[in-house]
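Residue numbers (the UniProt record's numbering), protein chains in the order written: chain A, 1 to 450; chain B, 1 to 450.
These aren't lab readings, by the way, just hints derived from the structure by calculation. Some hints here could point you the wrong way.
Given that identical chains are not distinguished, each listed pair holds provided it fits within a single copy or across any two copies.
Here are the simulated BS3-like pairs of lysine-lysine, each with C-alpha atoms no more than 25 Å apart in a straight line [as the list claims (entries may be wrong)]:
id, residue 1, residue 2
1, Lys288, Lys315
2, Lys327, Lys315
3, Lys2, Lys288
There are 2 protein chains.
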Amino acid sequence: MKVIKFGGSSLASSTQLQKVLSIVEADDQRKYVIVSAPGKRFDGDTKVTDLLIQYARQTIHHQDTTAVVQAIIERYAEIGHGFNVAEDQLTPIFETIRNLPNQTYADNTYLMATFKAHGERLNAQLVAAVFQQSGLNARYLDPKDAGMVVTDVPDDAQIIASSYDQLARWADTDQILVIPGFFAYNRNGQICTFSRGGSDITGAIVARGVHADLYENFTDVDAIYAVNPSLVEQPAAISEMTFREMRELSYAGFSVFHDEALIPAIQGDITVNVKNTNHPEAPGTLIKSTREPNPHYPVTGIASSSSFCSLYLRKYLLNKEVGLGRKILTILETHHISYEHMPSGIDDLTIIFDEHQLTPELEKTLVAEISAAIHPDEIYFTHDYSILMLVGESMRNRVGIMSRAATALADHNIKLIMVNQGASEISIMFGIHDRDADQAVVALYDEFFK
Amino acid sequence: MKVIKFGGSSLASSTQLQKVLSIVEADDQRKYVIVSAPGKRFDGDTKVTDLLIQYARQTIHHQDTTAVVQAIIERYAEIGHGFNVAEDQLTPIFETIRNLPNQTYADNTYLMATFKAHGERLNAQLVAAVFQQSGLNARYLDPKDAGMVVTDVPDDAQIIASSYDQLARWADTDQILVIPGFFAYNRNGQICTFSRGGSDITGAIVARGVHADLYENFTDVDAIYAVNPSLVEQPAAISEMTFREMRELSYAGFSVFHDEALIPAIQGDITVNVKNTNHPEAPGTLIKSTREPNPHYPVTGIASSSSFCSLYLRKYLLNKEVGLGRKILTILETHHISYEHMPSGIDDLTIIFDEHQLTPELEKTLVAEISAAIHPDEIYFTHDYSILMLVGESMRNRVGIMSRAATALADHNIKLIMVNQGASEISIMFGIHDRDADQAVVALYDEFFK
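If we strip away everything but chain A, and leave its shape as in the complex, we get:
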């Protein structure tokens, strides 16, 4: 049995849904179909999820929602009419959209979660109707009926482990089950969503729960590429990669497959196949627990992300002071801030953060509290900071990767602010200036893939 997930662009129109239908029909192992909300049909189009966010905001602010409701309904109507779905099946969908403001919500975060979740929820109902209309033995399965229960965080829920046992009851299905991605219900029956792009997560949870043989994740690219295709023309496609490689590349910005979706896949040892709805015959990229080393291409992927900043501090005899690192980390913990890395010299320490966690105010507070606790000789934040990752299982136990990488970067006059190798055997991490990031990625790509 296979779990198969379609992204928003695969479900953006009746034309796209026709391709989805053909893909599902082509393999009778494809029993669990996870659907996103309809995405963009063309450049400049608006995703249904974004329309729903607008609808929620206007509702909260008691503004006129006529236009946005109309726009949302039209998206579903276009798809339904394209497959001649009967009006009595479409009307309840339209009514649900219109009635969203009339439900009771604990607060606006729950309201927002429910509005957003309906992009997927109604699309799954519509897709089930289209499948039935096209002669498939299909039905809509709500996350509640599937047994998926999540933590009570309306916009960043986590699956509760007992859900897997509930999902296992759906393991031997004759029917095709169409399940909405992105959301489930907390223990009080309220809708909570995963983080954005969370349909991937639903797919991985279902795949683990029903012990699927494969989790096919259909999107709009032929494969995951070794490097961002906006930087390099026709970059090398990754035919297979390990979960660890995917995770390290996600860290620095690879976003084809949702980082959090890797967790259930790893836990259930479910191989993931990223494929293209528009080009289903392409083999795509397999993400799995292990793979054969590739002696010709030690590097699997290269990524960079500018969403980091660093806190530098210098204090004489820093490395002789027991408890100094702990004092700093306790301060961070007090403010609920996780750090990414903490390279240290003899008398120096740099702490690298995900920038999204910080505000100018919070940075000032941290500098003040750390200064009071450890009396550094120097302390300051730096924001012009990108992390560049070179990732590959085949780098393990190889000599010379650092030499090639550092030389390629030096040849392009790229200054290394930080180099971190050693914790992970399958990656090297460089800290560079934001302005150098794109050039650095291309330089490394040319070195390791050409």
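Given the coordinates of chain A, assemble chain B onto it according to the supplied hints.
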């Protein structure tokens, strides 16, 4: 005014002491002479400090000390007789040696400290007598009279800051003051020593206290070399280096000048000149607060040390867990263990320790406690671990150093277990296997100095 310190080999015999006398006579600014205990006269000889340690152990175990007492006395007698020092000046020295066991000691650690300290104490008295005999206006100055008070740790004392004010009273001296290195007294008047090789520390403390213009540190090499001379024939001498460079190189094993002696030198901004007693006309090495960058030689020194071990741990989603690093560091702090570095990957963390802090028992405890606290997927210690340091102020803001270093190491097939650059701007740190360490140092030397 200059503070001038002589190491053990410079004071090992009357022949050596003659050189010391000439050096002191050659410059009337040399007013504060810090002396070590007599060192080795030839390969296979025993230092007086080691004889005193033997003497202390035999005393503690109530063994016969006749031979060792005789051996110690002969060392001082040879020097005294070489300069025709009157017997009535030598007799009290010999008597003090014989009477060491008859004093009262709080415990054996204080006994050991007092025995060891007398290597310097009696040598300073003897050197003062020799200087007087040779017509110099010199006198012995005991650390107690100098006002040096230290913390109550018999074998690893630290200077108490108020000592500097006391020392300042000796700032304008007409006489040459001969001061024993290595020890001072705690607040109860008990002898406590600095860590081994601590005469350098005494010299730096005195230099800071009297606001010396220069601290000349005489030893038995012409200069500090860019690399260990046992690995490379006639290596480049370092003509000048900064305190930070010295400190980073000391960290990985450069031992010509005692690491702890840098603290008072830095605090008092006292330039240190490492010189050779056997070749005093050589300019030696200047260690100072700043220096001009050298565009031709970005690297100042290369060192390696095998006294490290590492604890590796892997845990899925490690970087998302707030407080995980703090939990680990709290456990280390409970056991009074300081860590050196903590490079982290996405799901991996390595902690590097000074191996001397650990025992197999303690390692087991740490693994057990960390496992209980954070449930890692994998955790283990590695002992085959050397740290290789490439240090140079002129590396600051230079592109291409990592490239050259990594390529030189790769060309010699040396595997990099860890690379750490970024906290300090003036050094790059590599983790390599012990077996590769010597070859790695030579490879880097050839790259940056040939």
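Checklist line | Alpha-carbon proximity between Lys288 and Lys315, which holds within one copy, between copies, both or neither at 25 Å | finding: between (45 Å within a copy, 18 Å between copies)
Notebook entry, point to check: Is it within, between, both or neither when you check Lys2 against Lys288 at 25 Å Cα-Cα?
Noted result: So Lys2 and Lys288 pass the 25 Å test inside one copy only (15 Å; across, 69 Å).
Note to self: My question is about Lys327 and Lys315: at a cut-off of 25 Å on alpha-carbon distance, are they close within one copy, between copies, both, or neither?
What the structure shows: both (14 Å within a copy, 23 Å between copies)
Going through the hint list in order, the structure satisfies each hint without exception.
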